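Engineer: For chain A, the structure is supplied; the task is to place chain B on it using the hints.
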Amino acid sequence: MRETFAGAGTLVRLGLRRERWLLPLWILGFALTTYTTASAGADLYPDTASRVEAANAVNATASLVALFGRIYDPTSLGALSLIKYTAFMAAVLAVLMVFVTVRLTRSEEESGRLELLAGGRLGRQAPLAAALAISFSASVTLGLVTAATLAAGGLPAEGSLAFGLGWAATGMAFSAVAGVAAQLTTSARAAIGMASAVVAVTYALRAVGDLAEPGPSALSWLSPIGWNQQIRAFEGDRWWVLLLPLALCVVLVPAAFLLRAHRDLGAGLRAERPGPAVGALSGVRDLAVRLQDRTLAAWAVAFVIFGVVIGSLASNAAGLLSSANAQDLLRKLGGAQALNDAFLAAEIGIMGVLAAAYGLAAAGHLRSEEASGHTELLLSTATTRTRWGGSHFAAALAGVTVLLLLAGLSIGIGAAATLHDAGQIWRVTLAAVAQAPAAWVVTSLVLAVFGWAPRLASSVWGLLAVFIALGEFGVLWNAPQWLMDLSPFQHSPALPVDAGGVGPLLGLTFVAAVLAAVGFAGWRRRDLAA
Amino acid sequence: MLMAGVVEMRGVSKRFGTVTALDGLDLTVEQGEVHGFLGPNGAGKSTTLRLLLGLLRADGGSARLLGMDPWRDVAAVHRRLAYVPGDVALWPNLTGGEVIDLLGRLQGGQDPARRARYLALFDLDPTKKARTYSKGNRQKVALVAALATDAELFLLDEPTSGLDPLMEDAFRGCVRELRDQGRTVLLSSHILSEAEALSDRVSIIRAGRVVETGRLEDLRHLTRTSVTADVGTVPTGLDLLPGVHDVVVVNHRVSAQVESSGLAPFMKALTAAGLSSLTSQPPTLEDLFLRHYGAGRPGQERANA
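Protein sequence lines correspond, in order, to chains A and B. Going by the numbering used here, the first residue of the first sequence is number 1, and it counts up by one from there. Going by the numbering used here, the first residue of the second sequence is number 1001, and it counts up by one from there.
Only chain B is shown next, with the shape it has when bound in the complex:
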């Protein structure tokens, strides 16, 4: 590959005392893409972002950010990126406007027109003292400060936590705009619909390792399609077909979870049995996610999934 990714992490590990936070993490974010970084609480998402920001130092592996070393070239790297932390802490006695301008100046300047536009978009009162802001409003301060800069790379750590649905929608519009402008976004989230709506590619992190990465369409092939069909006579041995799981038969109705590879033989069997009606549900990111964490889904065994 000629052009290296905007973010390149290879085998990065990080320990805090006896706790292993990152355990050989690989992550590549390409130029101009919105990359969803998914994982449950404590999987290592924030640790990864903090490593990329040079706030933490990796114990092993290599990390490059915009072609530079995130630990050594802090000022040079940071001039080209903007960051929104997951938990925004502000100085209680400064106003939102003061904080936005301070961060903008430290970043190397922000565009006043964009600042005004995003303040209006997020409906944020910049004259209020930070101590009177709600969690959502603190988040907006950080978002406006980041979006008003002319960064190439945006590192967003669960940026919509605390935002109401209307503001979440505004935020999605902003991310799409960034992509249209050719900027790169690394969006950490545990909200699947958000990542699904915005991301070109996703990486799924579990216990400090990226366990799956790729385009959403590609990843979907790894998951099962939910199929429900009405047939004349239910054929026997459906559950013995390769890639077919959780077969449930009620009268003439068959429902099952089918892997991509098992769809063709399954459909053939159903057609032969006199298929009269068919509904199928495409796999969602949620399925993919649950496959890796196996939480809250009765009857789905995670081992052979």
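Same shape as in the complex, but just chain A:
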């Protein structure tokens, strides 16, 4: 027993050394955004009446309920202020913990670095134990720091602790999910994909569950993200719900160790099968497509499912408005059509951001291929730099566009079916495809950074996080308009797309083209960097 975990302490130190910047920054980022939002909330909703009104409006808006969940105590300032944090940011936290756990397990194994260490006195279970120790402690630290800042910001101490521990338990649960996923696949990319898919599915489960009247249905209780909401911090503090994610850890952690005990170093669940002896790849473009086709297929399936669900919720949007005030507002806005549009526009906007994330990941191949030495091999052939770079860039842009087209069609078909209006297909698809130029800008940003400072290419993820934060919280934070305008998503036209949207779309496309040109210029003149 001792032997199988030997060296885990050393690996924990190594892991903390490697993550010494990223983890503290993330923890700080989570705690600070939560704090500023909570304190801004107190100014926005100074009295109970304003809170109740806002809470009822949220609960009556299907898109908000689907995205963020319900408010169960309309008088609670904490619940209202932190509405975006119990499900949405909890999912972001879950993905962060997936990355941390896989980086410390399967990535190390895939790269062969673990083999180097395994030659020393290192138990078989030590790497997984060390990774879980780090991601669990990071989750708990993040939760406690957040709880402390919330309490310092003036929210009730008990609710703050419930909120923080909810995040901690959610982070731990998804670390355990990632720990299992890392045992099943041979590549880190696939492990991250698998665990992220679990995050997405559990997020969608609770969305559907939360939309049921009058409150969460059983579906929300099937989801760890749903559990985090059902702790109901600041609105009852149901501590016992914390036991659910902990119980999940108690099941998944031994399962991960069991899987590890029964497999070889570097192996997944399935033995590697032989492939074709003769290759059909005719060039770098084929290769670029081949390197991302499975990922794109997985994203496409997720987009279509998400799209059909969203689309079929469209008719609920108007029906969910119960209060007289809201009905009045609805009439002023132009009736049920406008409300449906607002709902669909919000969801399409989210698809646009997700498509940008795909573009960012796909364009990330530029850097990962260079760093792994694959590019050196290809550039030693008659392939030019422009051709090689163009192959990955074009594949990323095409992937983004295909995803948005699929999202538009599936939302449109769902909406057309529930609203009995075939015209929805066309206008919703148009609105979804109109999100593409903003996503292209993000994709091109990767190329621009890659061209001039290749080692910083992954920092564009941070920029995407800033863009998302500006879109979500910019108004709340009183961010100046010029800062908000830096986000490309700010300029994407909303449904319905009319002639007014053409200008911004051309502008975004132009910016993307300039960024790409800048990137190519740098890439053509710089040294290859390992």
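These are computed hints drawn from the structure, not numbers from a lab. Nothing here was measured: the structure is a model prediction, and the numbers come from that model. Incorrect hints may appear among the rest.
Between beta-carbon pairs, the in silico distance windows are [what the hints assert, rightly or not]: (1) A:W452 <-> B:A1116: 43 to 49 Å; (2) B:R1117 <-> A:E115: 31 to 37 Å; (3) A:P274 <-> B:D1111: 22 to 28 Å; (4) A:G266 <-> B:G1243: 53 to 59 Å; (5) A:L32 <-> B:F1016: 36 to 42 Å; (6) A:V201 <-> B:V1019: 46 to 52 Å.
Beta carbons: idealized from backbone N, C-alpha and C, even for Gly.
Structural biologist: For chain B alone, kept in the frame of chain A given last:
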């Protein structure tokens, strides 16, 4: 000289931040020769090859490859050369066969008969996924991909690292074949026996500079011959003779390291002393190498060598 070399580098320098990787490097590889490019780890061998491939850009000096600019004329130059990197990285989810064919197509076509022949020669299974290949097998993938093309120039960066002795032997056969076909090979290596067995000429690189270049026979003149002789009476003052070093006398046996220029007077002295038996060992590339790096050879001072 009417015909320029296949590789012509003059005073090439390359810096990475504060580190000088190449410091005025001169290198000429002639048409049709196998040129050994020798140096220890970190001397600048791979940097030189990457410069020649246009993967890195020189800070100074001039480099021509097949008469063209390696940085600007990438596609035109690369259509005529093949490269095997020292550390072969492959796509984990592609098979060896897929990688070989991809590289072949990007190169402008490879000969299926040669591809089959080299796969058999190196005993490589092309249906296996690259993630399951050992280091040696990854190296073989790159070797087969390069050898199956119809390149004029082969840039090989420590191509046998990870190969077993049997495969190394097969590789040597391949290089000799390339030379017989009139192709040019630049072979970087720190394995002296390999370079010695294959090279027509060698260049020795140290700290980013080529410190010695020439035919092996010529270079050998620069090094010392190891001589051991039995004589009747040991003459005094042997160690004072020019070009004679490390004289050790045990009873009637004299052994010494002698430079080419010092051989004649040394032998004359030994003959006069009643020479009865003589063994001499020709200088090896290793001696030459050690003279420039002075590592691991006790008692040999490198300054006046």
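Engineer: Hint by hint, work out which the structure violates, then give me just those numbers in ascending order.
Structural biologist: Hints that this structure does not satisfy do not exist here, as all of them hold.
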